[in-house]
Amino acid sequence: MESQTVELARWQFALTAGGHFLFVSLTLGLATVLAVLQTRATLRGGQPVHLRMVRFWGRLYVINYAVGIVTGLVMEFQFGMAWSGLGTYAGDVFGSSLALETVLAFFVESTFLALWLLGWGRFNKWVHLGVLWVVTLTAYLSAYWVLVTNGFLNRPAGHARGADGRLVLSDTSAMLTNPNALLAFGHILGGALLTAALFVAGVSAYHLRRGTADEDGLLRRSLRVGVFTALPALLLTVAFGGIQFGEIEEWQPLKAAVFNEDNAEVVRLQAEMVREFGPGNYVPPEALTRGAGLLMLMVFGVLTLAVLVSVVLVSVRRWAVGARRWHLVLMALVPLPFVAMTAGWVFREAGRQPWVVYGLLRTEDAVSHVTAGRMWLSLAVFVPLFAVLTVGNWWVLLRAVRQGPVEPEPERAEPTEPTAAVAY
Amino acid sequence: METLAVALLGFFFVGYVVLGGADLGLGMLLPYLGRNREERHRTVSAIWPLFLANEVWLVAAAGLFIGAFPTLEGEVFSGLMVVFVPLLAGWMIRDAGLWWRAAGSGPAADWLVCGGSWLAAGGWGWLIASLLNDSPTEPTSLGLGAVTTLFVLLLFLAHGLGFAALRLTGTPLARALRLTGRGGRGGRHSLLLTSLVSATLAVLAGARLPLSEHAASDTALTLIVPLSLAALPLLLAAHLWLWRLVSRTGFRLSSL
Chain A
11 MESQTVELAR WQFALTAGGH FLFVSLTLGL ATVLAVLQTR ATLRGGQPVH
61 LRMVRFWGRL YVINYAVGIV TGLVMEFQFG MAWSGLGTYA GDVFGSSLAL
111 ETVLAFFVES TFLALWLLGW GRFNKWVHLG VLWVVTLTAY LSAYWVLVTN
161 GFLNRPAGHA RGADGRLVLS DTSAMLTNPN ALLAFGHILG GALLTAALFV
211 AGVSAYHLRR GTADEDGLLR RSLRVGVFTA LPALLLTVAF GGIQFGEIEE
261 WQPLKAAVFN EDNAEVVRLQ AEMVREFGPG NYVPPEALTR GAGLLMLMVF
311 GVLTLAVLVS VVLVSVRRWA VGARRWHLVL MALVPLPFVA MTAGWVFREA
361 GRQPWVVYGL LRTEDAVSHV TAGRMWLSLA VFVPLFAVLT VGNWWVLLRA
411 VRQGPVEPEP ERAEPTEPTA AVAY
Chain B
463 METLAVALLG FFFVGYVVLG GADLGLGMLL PYLGRNREER HRTVSAIWPL
513 FLANEVWLVA AAGLFIGAFP TLEGEVFSGL MVVFVPLLAG WMIRDAGLWW
563 RAAGSGPAAD WLVCGGSWLA AGGWGWLIAS LLNDSPTEPT SLGLGAVTTL
613 FVLLLFLAHG LGFAALRLTG TPLARALRLT GRGGRGGRHS LLLTSLVSAT
663 LAVLAGARLP LSEHAASDTA LTLIVPLSLA ALPLLLAAHL WLWRLVSRTG
713 FRLSSL
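The listed protein sequences derive, respectively, from chains A and B. The first sequence runs 11 to 434 under the numbering used here. The second sequence runs 463 to 718 under the numbering used here.
No wet-lab data here; the hints were simulated from the structure. Heads up, a few of these hints could be off.
As the list claims (entries may be wrong) - Covered, in the sense of this in silico footprint (three residues per stretch, anywhere, with C-beta under 8 Å from a C-beta of chain B), are these stretches of chain A:
| id | region |
| --- | --- |
| 1 | 107-115 |
| 2 | 127-133 |
| 3 | 319-333 |
| 4 | 391-402 |
Where is the CB? At the ideal position from N, CA and C, for every residue including glycine.
Could you build the full structure based on these sequences and the hints that come with them?
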């Protein structure tokens, strides 16, 4: 195997997954916020301000969806294209969770998203609300299945060695309740909610600062929703993150040793791994692992401080609307959860190198038997495409943000279309 | 259990080729059906947001392929990497165009939809040619590949035309009907015919894969197959609901 192929395949996976993660984390969190907003709008008998909130945040939510889905497609095909060694060796175990993610979660999520979009003003309001909840819950289900897959790679569970040396699934419930997957699931749900909460707060702050008309208090209310969601989301993220940190020493001792800069321990564990698995370097890339872990913790520190102060400021109406410097701070906070999410993911994934299935299969043995030239081709197509899509989509998203909560121009009615009755 | 897994995979794959082929074809026909901005806008609207519900069939098929036939999936996808790269790239470009158009971007997005549809359809042609070839894990030779690709492109165009006759109105509809003919209940018969041909082609191509020899272990299949089968009525019901909604209420590009 050409060593360059491995490096290129790793870059491609990292960039695909990283790009995917930037968008799905906001989608997942915003879906939750949106479902709660629409529930409130429905319960309150359709007060216009609540409905307008659902429309405005719903528009941003849907725009953000695009790249998450598109990069997700490449992720799915990439397993087979670039990492067929992984599928051959361990596909029997982790493939089933990927399969169920597509059939039970994504299939339903995507279909119901289309129903939700078409159902505006057409469905009974309770039906329309139910459809959005299906979208939200299947998004969670999707995250769960993906993390079952990822949890297995980080801490294999539920497998046995088959006759030909490959892994087979032997204990379904052990795979589905892998603590590594469940803890990461909780951590990411919290992180996604935090991402969305600070997005909502930052966008609202931008408009309040700019002096956008806010007669019915849509922006002020959204600001409160954002800040008051951020606090519990932060606590949830920290709780699950903290438990995971405690477990790393047992699950991936070298990652812990590298992070703690405990050189004696690194040397001892490396020697132990050589005795167990034969010669090789078992130390994950130190600067990257440690740097990513520290960056995540630093961002967490900044966010904790900012969110605590914000909770106080937002509680006083005069400050909530008038504290323009604080609005600027809130706007500056919007990118931070994305930084923390990405750093945390790098810490998780780079820190388990050189393994792709921890303790069982090395990354270099998992790559497909393709030439470096083909991998270059794939990289040369997808990386610029991801870059354009990401930048393009953020541009579309920011334009919608700048436009603010105005009603979109009504489309010219199609000849076949009956006048849409407003269900709310 | 293996037979059921093969049937499920086949069902989702055929479902995609029939449904996704129709919206790919419609995207390819954009320059013919829509001669000005307004008409192109309306033509693209006919795909939104149905394409979301159409492409999930392929996502599910690929997921089942990984889960139920993991070793074969790796061999086919890595062997045919040069075919999948343009296919996926076309798919991404097209979807980006559709999303951005719905979010109110300029008419340039319509051309992303059209160009991406051609690229993805070409990828499908090459993929189907490669599967029908001697070895399903190697890209086919240029000659056979070109002929099959041409056939698939024409098939998708015809299929998209039937779909257009069903979904469009006004001048673009008149242009579609000029090719399908006004008989056969306004293109419905032609759509049915192209659906059958597409489905047959998908089955023939898929049948070349040695699926049952490469099935996953019983434990894995016992997890995947019953759950997927149990979910199937729900999935189909959701799709029927969406189609009924679309056919009854017409469509607007953006409620975004």
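Now the hints, each set against the structure:
1. 107-115: holds (count 8)
2. 127-133: Three-residue rule met by the region 127-133 of chain A, so holds; n is 6.
3. 319-333: Our answer is that it is violated, as 0 residues pass the Cβ test (under 8 Å) against chain B, missing three.
4. 391-402: Satisfied; 5 residues make the cut.
In this structure, only the earlier hint numbered 3 is contradicted, and the remaining ones agree with it.
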